[in-house]
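> Chains A and B are the protein sequences, given in the same order.
Numbered per numbering that gives the first Met the number 0, the first sequence spans residues 0 to 448.
Numbered per numbering that gives the first Met the number 0, the second sequence spans residues 0 to 250.
Heads up, some of the hints might be wrong.
[What the hints assert, rightly or not] Subject to a maximum C-alpha distance of 25 Å in a straight line, what follows is the list of computed SDA-like cross-link-like pairs (lysine to any residue):
# : chain 1 : residue 1 : chain 2 : residue 2
1 : B       : Lys78     : A       : Arg435
2 : B       : Lys78     : B       : Ala68
3 : B       : Lys78     : A       : Gly268
4 : B       : Lys78     : A       : Gly37
5 : B       : Lys78     : A       : Ala38
Just so you know, these hints were derived from the structure itself, not from any lab.
Quick caveat: nothing in here was measured; it's all calculated off a predicted structure.
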Amino acid sequence: MSAETVSVTGWGRTAPTAARLIRPRTYEEAVAAVRGCGARGGIPRGLGRAYGDAAQNAGGAVLDMTALDRVHVIDAGSGIVLCDAGVSLHRLMRVLLPLGWFVPVTPGTRHVTVGGAIGADIHGKNHHVSGSFSRHLLSFELLTADGEIRTVSRGTPLFDATTGGLGLTGVILTATVQLQPVQTSLMSVDTERARDLDDLMARLTATDDHYRYSVAWIDLLARGAATGRAVLTRGEHAPLDALGTRARRDPLAFRPAQLPAPPAVLPEGLLNRRTVGWFNELWYRKAPRARTGQLQKLSTFFHPLDGVPHWNRVYGRGGFVQYQFVVPYGREDTLRRIVRRLSERRCPSFLAVLKRFGDADPGWLSFPQPGWTLALDIPAGLTGLGALLDELDEEIVEAGGRVYLAKDSRLRPELLAAMYPRLDDFRALRAELDPRGAFVSDLSRRLDL
Amino acid sequence: MKDAFGLPQSLLVLGGTSEIALATARRLVARRTRTVWLAGRPSSALEQSAADLRAQGADVRTVAFDALAPESHETVLGKVFAEGDIDMVLLAFGVLGDQAHDEREPLDAVRVAQTNYTGAVSAGLVSARALQAQGHGSLVVLSSVAGERARRSNFIYGSSKAGLDAFAQGLGDALHGTGVHVMVVRPGFVRTKMTAGLPEAPLATTPEEVATAVELGLRRRSETVWVPGVLRWVMSALRHVPREAFRRLPL
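Given these sequences and hints, build the entire structure.
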């Protein structure tokens, strides 16, 4: 088990802190790491795709779980996999697609671990149909603060505290997940453009239920009558008979393309209003007004940014903030106001994403709830950004919404209880399960979780 | 914890009656800071500073601290850090002295040096060790342009700030990669009680402007901040003026 002191940040590359990075290679080493994590505690970390400080622990230990990466059992008949928490969704796709199975939920990157997927209770483009990751999680093994390994099944308080619990209830060692059957590795995609936000919301509301996967990309730099103009992409796993004869020879092939990574050091301000404005204009113009049944690779449809390793570097040394919130159905007024404010403020945000959520899952700190969710990236150096987001938080709370903690790096702690009504239960369970504070992260310190 | 913009939730001010420090504290309390420790010699001014920040909604505590008693720094600051993480330490104490008087009274000159330099060395090292143990935090050191090049009119003060500045730069390099960020702030002439009655230098600034520059520096994780920013270029020019000419400049 190696341990060295390193500077750690999230994917947004803001607020670096130093921690001992420990990489357990066996369950015994993980137990030893938790038992010996010291006064400033430890936090499990996967592939570091959380944007904020959820997987950092200043002055304490960060447990890099990616060495525990065995896929133990695949039941190819019923589509159930039992694997270590350090296994990435990328790896699962490579292993499972040839067997005709796909992960039940995938976020915008497949380079996340199963443990991270549970800790953030991730959602994907199919949330309105399939819910979040925890809905497909049958059980998991959790290494708790006392150094014991517990099997946690659905419907228990520990299950609901851990799904979305940001690694603060313990270290997930293995998970058993129900998979999604597919006939091919291609997606059948319908694309259409929406001329403004109202048009977009009307289209999404009217026809989202026809699709398993649905998402809209919004141009937040468009103003005036075009405010909230968007490109909708919605799709299904393509059935075998939708494929041409050539593709049918290897219908379950999984060969994602990859471009070279940007250099490690890039100048500040590469993404500014002008460059992002051009990009957004181009993206909108190149999208077809309406096209149906286009066949796309899984990776093109779900993970376009994974094609560029270390894409977070394009924001330069100052890093960026990802802001994702949800407001309930019926509070479209708040969504409209926020989109208008963002576009009036000229936030250089490319690929802002709007999606409709379906029913919530029971995780106490799980983010999705029925409503509209908007996610956007903003360079952290933008003048006045902190104050602007503080004001948006107030509007979101007033509307009964919340922000996504796995992406957060700047929320005011006072607003947390209003956003997450089960916060007190979460704190009480942690106080009982982990009285000496073995599990701590920068996020938990900042927000007093 | 600091947030994505480098804003601290807890602040320790060394030199709790410094006007620049209080302007900075007010600004930070208006944003994210909830806990403030004001360290300084017990006085009604210190309590008044605390009361002002409390009125803004912060949880403020005062602690007796004397820059001239370095042997006590370990104990005094240790107690503050034992109460919880400190996200930012603002090293703000310092005295201007009276150049003409101090030239005649070497012991008074030594007092200036001991306050501004050796006191800061001790408090800086004690704070740095505590910040390093918590794996994060910013140490913001109030230096001065006076330390950039000694001037005839205030070289006692200037030399103490030169020592402080060099110390803080080195400390910043020593702490690189430990999660601790050291930021040296070099204001020009700041209009405060300390400079009241002195002839105002060009490019004079205010405590509020220094506070604004500190907030920006935290966000950018800057290592050196000049206030106003143009002083960086002015001073780098002045640094290269030949002695013969520099001596005769009306500075």
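> Now tell me if each hint is right for this structure.
Quick rundown of the hints versus the structure:
1. At most 25 Å may separate the alpha-carbon atoms for a hinted pair to count; lysine 78 of chain B and arginine 435 of chain A meet this at roughly 21 Å.
2. Straight-line distance between C-alpha atoms of lysine 78 of chain B and alanine 68 of chain B comes to about 16 Å, which keeps the hinted pair within the 25 Å bound.
3. For the hint linking lysine 78 of chain B to glycine 268 of chain A, the alpha-carbon distance of about 42 Å lies beyond 25 Å, and the restraint is violated.
4. Pair hint lysine 78 of chain B plus glycine 37 of chain A holds up; C-alpha atoms about 20 Å apart against a cutoff of 25 Å.
5. Between lysine 78 of chain B and alanine 38 of chain A the CA atoms are separated by roughly 17 Å; this keeps the pair inside 25 Å, and the hint holds.
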